Amino acid sequence: MVATSLHLLETFNLYPDLITFVPIIVPHIDGLPPGAETTSDVPVHLQPLIMTAMDRTKSDIELLLLNLKPDIVVFDFAYWLPKLARSLVSLSIKLHNHEAREFAALKAMKFGSNVIFYDRLCASLSQCDATGFRTCREIEGSYIDNLGSHFGKPVFLSGPIIPNPPTSTLEEKWIKWLGKFKARSIIYCALGSECTLKRYQFQELVLGFELSGWPFLAALKPPLGAGSIEEALPEGLEERVQGRGVVHGGWVQQLRIFEHPSIGCFITHCGLSSLFEGLMNQCQLVLFPHAGDQYFNARIMSNNLKVGVEIEKEEEDGLFTKESVCKAVRTVMEDDNEVGREVKANHAKLRDLLSSEYLESSYIDSFCQNLQDLVG
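Under this note's numbering, residues 93 to 468 are what the sequence shown spells out, in order.
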C-alpha cells in the first residue's frame with residue numbers, strides 16, 4: 093500500500109482484524125512532482141514515470157514477501173512480481189548434518205545384486221515411463237512439479253488413499269485402560285514395525301513421557317540389545333508411572349486407538365501410512381523421524397504445513413533428550429501454547445480437506461486414467 097494512500101483507505105477497512113495495510117515508500121523519480129506516488133497524482137503523460145517509480149520498490153516488496161510468506165500475491169502492472177514470488181518459494185528441505193550423512197552413505201551402500209542403492213534408485217527414475225506416488229498436490233505440490241521437471245517424466249498421484257474405518261472392536265483391556273482418562277489427555281506413541289531404537293533413545297523417549305505429566309501408551313519394540321521391554325525400561329519407571337503409563341511390546345489396533353476420545357497426541361516415526369492415519373484423526377502430531385523419507389515427511393508436516401511439532405535433536409549426532417520429548421508433547425497438548433493452537437488449527441483444516449470424498453475419488457480416477465493413457 094502506497095504510504096500516502098494508507099490513511100485514506102483505512103477508514104474503508106471493514107475487517108481490520110483480518111486485513112492489514114502495509115505502507116510502501118515510493119521513491120522519487122526525476123520529472124515527477126513532489127509527493128506523487130499514484131497515477132491519480134499526475135496527468136496521463138507522466139503515468140509511465142509512476143510505473144518506473146513503482147518498479148523501484150522491488151527490493152522492498154521482496155523483503156515484505158520474505159517476512160509475510162503469503163499464499164497468494166495479487167498484482168497488476170508489476171510485471172516482475174511473478175518471477176520474484178516464485179524465486180522465494182523454496183523447493184529445498186533442510187536436513188540436519190547427521191541426516192545428510194545417512195543419505196550420502198547411500199551413494200556407496202550396495203543394496204542387493206552388488207548394485208549401489210543410489211544407482212538403483214536413479215536408474216529406476218530415469219528409465220521408467222512415468223512415476224507414481226501416494227500423495228497429493230495439497231501436501232507436496234511444488235516438490236511433485238520439481239521431480240517431474242528434473243526427470244522429464246509424468247508424475248501420477250494416487251492421492252492419500254485413506255484406509256476405511258476398521259470393522260473390529262478395540263480390545264477390552266484397552267477400552268478399560270483408555271476409559272480411565274479424560275478426553276484428549278493421553279500420549280500415544282507407535283514407531284512402526286521396522287523401527288528399533290537404541291537403548292538410550294528408548295529410555296529418553298519414555299522418560300520424556302513421564303516428565304510431561306500426561307498419561308501415555310507407547311507401543312514399542314524392545315531396543316537393540318534388549319530381550320524384552322521390561323528389561324530396557326529405566327530403573328524405577330514402572331513404579332513411578334503405575335496407573336498412568338504403559339509401554340507395550342506387542343501389536344495394537346492403531347486405528348481403533350485413534351478413535352478413542354482420550355487420545356490427545358500421536359508420536360509418529362513419520363512413515364507415510366502412519367502419518368496419514370494420524371492426520372485423519374483428532375490427535376495432534378509429534379514428529380519423530382528416524383530414517384530415509386521420514387525426515388522429508390517430518391519437515392513438510394512441521395515447517396511447510398505446520399500441522400505437527402518435531403522433537404528437537406542435536407544437529408551433528410541426532411541425539412535428543414527427555415526434555416526435548418516433553419517440550420514437543422506439551423506444545424501440542426497444552427491449550428495455552430500459541431504454537432500448539434496454530435498446529436491444531438492447521439491440522440483441522442488439512443483433516444477436513446483430506447476427508448473429502450471428492451478429493452480421494454478425483455485422484456484415484458485421474459491415476460487410473462493416466463495409466464490407461466500411458467499404455468494407449
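FYI, nobody ran anything at the bench for these hints, they're computed from the structure.
Mixed in with the good hints there might be a few duds.
Have a look at the derived ranges for each label pair, beta carbon to beta carbon [unchecked claim]:
{"#": "1", "residue 1": "I456", "residue 2": "E286", "range": "42 to 50 Å"}
{"#": "2", "residue 1": "P162", "residue 2": "K436", "range": "48 to 56 Å"}
{"#": "3", "residue 1": "D109", "residue 2": "D163", "range": "41 to 49 Å"}
{"#": "4", "residue 1": "D457", "residue 2": "M143", "range": "15 to 23 Å"}
Keeping only pairs whose Cα atoms sit at most 25 Å apart, straight-line, the calculated DSS-like set for lysine-lysine is [to be verified]:
{"#": "5", "residue 1": "K274", "residue 2": "K290"}
{"#": "6", "residue 1": "K245", "residue 2": "K265"}
{"#": "7", "residue 1": "K398", "residue 2": "K313"}
{"#": "8", "residue 1": "K313", "residue 2": "K199"}
{"#": "9", "residue 1": "K290", "residue 2": "K436"}
{"#": "10", "residue 1": "K202", "residue 2": "K414"}
{"#": "11", "residue 1": "K436", "residue 2": "K405"}
{"#": "12", "residue 1": "K290", "residue 2": "K202"}
{"#": "13", "residue 1": "K199", "residue 2": "K272"}
{"#": "14", "residue 1": "K290", "residue 2": "K272"}
{"#": "15", "residue 1": "K398", "residue 2": "K436"}
{"#": "16", "residue 1": "K436", "residue 2": "K202"}
{"#": "17", "residue 1": "K419", "residue 2": "K398"}
Bear in mind the structure is a predicted one, so any value in this text is a computation, not a measurement.
Just so it is clear, CB atoms sit at the ideal spot from N, CA and C, and this is done for glycine as well.
Comparing the hints with the structure gives:
1. For the hinted restraint 42 to 50 Å between I456 and E286, the CB-CB distance of approximately 27 Å leaves it violated.
2. For P162 and K436, the hinted distance range of 48 to 56 Å is not satisfied, since their beta carbons lie about 22 Å from each other.
3. The hint said 41 to 49 Å for the Cβ distance between D109 and D163, and at roughly 18 Å that hint is violated.
4. Judged by the Cβ atoms, the range 15 to 23 Å given for D457 and M143 is violated: they are separated by roughly 46 Å.
5. Taking the CA atoms of K274 and K290, the gap is near 32 Å; set against the 25 Å cutoff, the hint is violated.
6. For the given pair, K245 sits about 51 Å from K265 by alpha-carbon distance, which is inconsistent with the 25 Å threshold.
7. This hinted pair does not check out: K398 and K313 have alpha carbons roughly 29 Å apart, beyond 25 Å.
8. Restraint check: the Cα-Cα separation between K313 and K199 comes to about 30 Å, which exceeds 25 Å; the hinted pair is violated.
9. The hinted pair formed by K290 and K436 fails the criterion: a straight-line CA distance of about 31 Å is larger than 25 Å.
10. The suggested pairing of K202 with K414 is violated, with an alpha-carbon distance near 35 Å, which exceeds 25 Å.
11. For the hint pairing K436 with K405, the CA-to-CA distance comes to about 23 Å; that is within 25 Å, so the pair holds.
12. Distance check on the hinted pair: K290 and K202 sit about 24 Å apart at the alpha-carbon level, within 25 Å; holds.
13. For the given pair, K199 sits about 51 Å from K272 by alpha-carbon distance, which is inconsistent with the 25 Å threshold.
14. The suggested pairing of K290 with K272 is violated, with an alpha-carbon distance near 32 Å, which exceeds 25 Å.
15. Under the criterion of a C-alpha separation no larger than 25 Å, the hint pairing K398 with K436 is consistent with the structure, at around 9 Å.
16. At most 25 Å may separate the alpha-carbon atoms for a hinted pair to count; K436 and K202 exceed this at roughly 42 Å.
17. Proximity of K419 to K398 is assessed by CA-CA distance (about 16 Å); at most 25 Å being required, the pair is judged to hold.
In this structure, the earlier hints numbered 1, 2, 3, 4, 5, 6, 7, 8, 9, 10, 13, 14, 16 are contradicted, and the remaining ones agree with it.
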